[in-house]
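*Asks:* Build out the structure end to end from the sequences listed, making use of the hints.
Sequence order for the protein chains is F and B.
One point on numbering: in our numbering, the residue at position 13 of the first sequence is 15, and numbering is uninterrupted.
One point on numbering: in our numbering, the residue at position 386 of the second sequence is 425, and numbering is uninterrupted.
What the hints contain is simulated information worked out from the structure, not anything from laboratory work.
Note that this is a predicted model, so its numbers are computed, not measured.
Derived pair list, reagent style EDC-like, types lysine to aspartate or glutamate, alpha-carbon separation capped at 16 Å:
(1) F/LYS119 to B/GLU223
(2) B/LYS210 to F/GLU110
(3) F/LYS164 to F/GLU128
(4) B/LYS210 to F/ASP112
(5) F/LYS180 to F/GLU83
(6) B/LYS283 to F/GLU121
(7) F/LYS190 to B/GLU203
(8) B/LYS288 to F/GLU121
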Amino acid sequence: MSYIPIKRPKFSLLDKIYVVELVKGLIITFKHLALSLMGKSRGKKDFSNKGVGICMQFPEERWDARLPEYYRGAPTLVRGEDGRERCVSCQLCEFICPARAITITPGEVDPNSSCQKQEKAPAKFEIDMLRCIYCGMCQEACPEQAIFLSKEYLITLTDRKKAIRDKETLYRLGGMRKGLVNKWNQYK
Amino acid sequence: MSTKPSILPKDAAAAEGKVNVQINGTWYRFPKGTRIADACNSVGAHVPCFCYHPKLSVVGSCRMCLVEQGMPPRLAPGATPTYGEDGYQPISWMPRAIIACANTVAENMGIRTTGKLTEEARRGVLEFLLTNHPLDCPICDQAGECKLQEYTTDYGRGTHRFTENKTKKGKNLSIGPRVNLDQERCVLCRRCVRFMKEVVGEDVLGVVGRGTHNAIACYPGTRLDSNYSMNVVDLCPVGAMTSKDFRFKMRVWFLKSTPTIDVNCGTGTNINIWTREQQVYRITPRQNDEVNSCWMPDDHRLNYKFINAPERLTTPLIKTDAGAEQRPTTWDAALNVVVEQLHRMAPAETAIVASARMTNEELYMVRALARQLGITKIDVVPRKGVNDGMLVSEDRNPNTNGAKLVLGKTGNGLATIRRGVRNGSIRFVISLGEDLTSEEAGFTPEDLAGLDYLLAVHHTENATTKAADVVLPSVTFAEKYGTMINVTGRIQRLNKAIEPIGDSRSDWAIFRELSERLGCDCVRVIACPSPMMVLEEMAQEFAPMKGLTWGNIGNAGKVIIETGVTIPLIERSKAKN
Chain F
3 MSYIPIKRPK FSLLDKIYVV ELVKGLIITF KHLALSLMGK SRGKKDFSNK GVGICMQFPE
63 ERWDARLPEY YRGAPTLVRG EDGRERCVSC QLCEFICPAR AITITPGEVD PNSSCQKQEK
123 APAKFEIDML RCIYCGMCQE ACPEQAIFLS KEYLITLTDR KKAIRDKETL YRLGGMRKGL
183 VNKWNQYK
Chain B
40 MSTKPSILPK DAAAAEGKVN VQINGTWYRF PKGTRIADAC NSVGAHVPCF CYHPKLSVVG
100 SCRMCLVEQG MPPRLAPGAT PTYGEDGYQP ISWMPRAIIA CANTVAENMG IRTTGKLTEE
160 ARRGVLEFLL TNHPLDCPIC DQAGECKLQE YTTDYGRGTH RFTENKTKKG KNLSIGPRVN
220 LDQERCVLCR RCVRFMKEVV GEDVLGVVGR GTHNAIACYP GTRLDSNYSM NVVDLCPVGA
280 MTSKDFRFKM RVWFLKSTPT IDVNCGTGTN INIWTREQQV YRITPRQNDE VNSCWMPDDH
340 RLNYKFINAP ERLTTPLIKT DAGAEQRPTT WDAALNVVVE QLHRMAPAET AIVASARMTN
400 EELYMVRALA RQLGITKIDV VPRKGVNDGM LVSEDRNPNT NGAKLVLGKT GNGLATIRRG
460 VRNGSIRFVI SLGEDLTSEE AGFTPEDLAG LDYLLAVHHT ENATTKAADV VLPSVTFAEK
520 YGTMINVTGR IQRLNKAIEP IGDSRSDWAI FRELSERLGC DCVRVIACPS PMMVLEEMAQ
580 EFAPMKGLTW GNIGNAGKVI IETGVTIPLI ERSKAKN
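*Replies:* In structure tokens, the structure reads:
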């Protein structure tokens, strides 16, 4: 390991007094104030229905419809188009999870079921929503396209125990997802 | 020419019975007959292998260990060899790669384990191995310790060029009571076939089918049911042979392995315990060429379930009145009660039944306790079984030699104690780490009920702890440090893999605490803060242990007593070489 010295900027007296930066910031603030008074504030169209024009009236109004495509919310488990539970409990998400929110107990698939080719499926799959940081590493690590981050952002709990979502809850929230690769097909 | 050495390196090496070999540009000396793969691996030039295993015969079938090799040029008739400045002949490299496992080193040989030729060759071999591989790593128990995975990251192509359908073979086949076979994952290295034939001597596995339909299978009418069958799971470089016990239990990258020893028999097989968060998931053998080679018996391997069983004792239990139920209590209260009761006992009417499953340190503490209480009736429970002619010793106690050394007892006095209990001359019994109602100990529940006082120290609930007046919870072999002496007189270390479960405490710590509360005058024993220090204390007292410390025992152990006992499997493998 070599040390790389970081070059810190040298501050002049003017910088240290800070007045100039303060004024610069205030100019931006006043610019936005002026724009909003003129009725030209940013995002006005989206929030215009309540007359204020700048803030979203949160509990009544929701983000839901306005979330971007790439928004990362609560992780969920999904089923394929054939209804198969896609997770094979490889535990890569558990391994990668930086917040250690995921706990998996691996189990065996019933040898008589239709997806017995897959052999392995979680007996238990729990995500602690108090620990989850919505980073999306689980989705990225999953080799089976089984875990996806939903757009659910509003997780308000009245009980800590309810924060732990079990396998059934996660599959219910994830639902069925179309267009996924079916690795465990008849050619496997 | 003045820098030329006066004696050529080849003559110097020949005088030692060795040969000079150049590996990746550096010259080394190896004994004649060393395999190229061993030579390369011993100097850190890693050679990937599937089929080669140092304890099995060489077949050279996987072709993964291809290396570039060169020799001095063959001389024309009448020509004399030329030597360079350093005294070596020039090496002319062969245009094709050779396998490192089936060839031995020779004088003035050159080996290159890296470079374009070897990497190209290995890439080709790997691509062929992967044409029919099912790529089911997400559900494969071997993932994380799979040679095919490792070498694919080193030499794999990343994309598949093989567009035809893969050959279908049997998956998840039960070929024995403890082993599953997945023929699609197999790379046909035949390590399992050779192991069963050469080491176990039960020729049940073979290769059937031709060409791409080649597969490992049991011969008709046979099953892989040997007591050593699970060693093929360790041997298998890929996930073809998997353990039924460990199937889908945990991915190996979560597990921490702790080197320790097996306590099911006197051999003291070297093992690794694989744990995650206080839970033991599996046991695998650890190589020790003087004790167990690379193998271990299945029944010992699977005997770990009691560590995390619900029957484990987690708190001290006491009976406050005769006939009352046992109730849980704190350590402080329990120890105070025990000390009070021990003070009241008549030493002549008291017996200690210790265990040869205890470590030397614990036995030493037991001896200190017995001396302080003035108890002379003390012995261990003997356990005899049948020697299986491989690794399982007829002595099923792991530390009989330790008990002999520390207590001077081997179990012969147990009958006297038993008689004493029955005729009423012994009214108080202290049972340490044993179930007195077991077949080996030979007490009946009526014997125990007839006692005035029974103190039991054990890790698991059993008939003795249920009958006891006070129960102190101790720990299993996975939760403590200590040393044991095996049947060949080798002292070996036990390492702690998990923390004591619940409120239980290490046996040696319980005995130390008791001695201290009883007012032991032996300051040095009480002052020991750890089993390592107890060992140093013992090293001063016992002649065979002279100079021993925790550090210098090492992971391989040290022979300290001559017993004349040998381990059949080790003797056979020594005779073979």
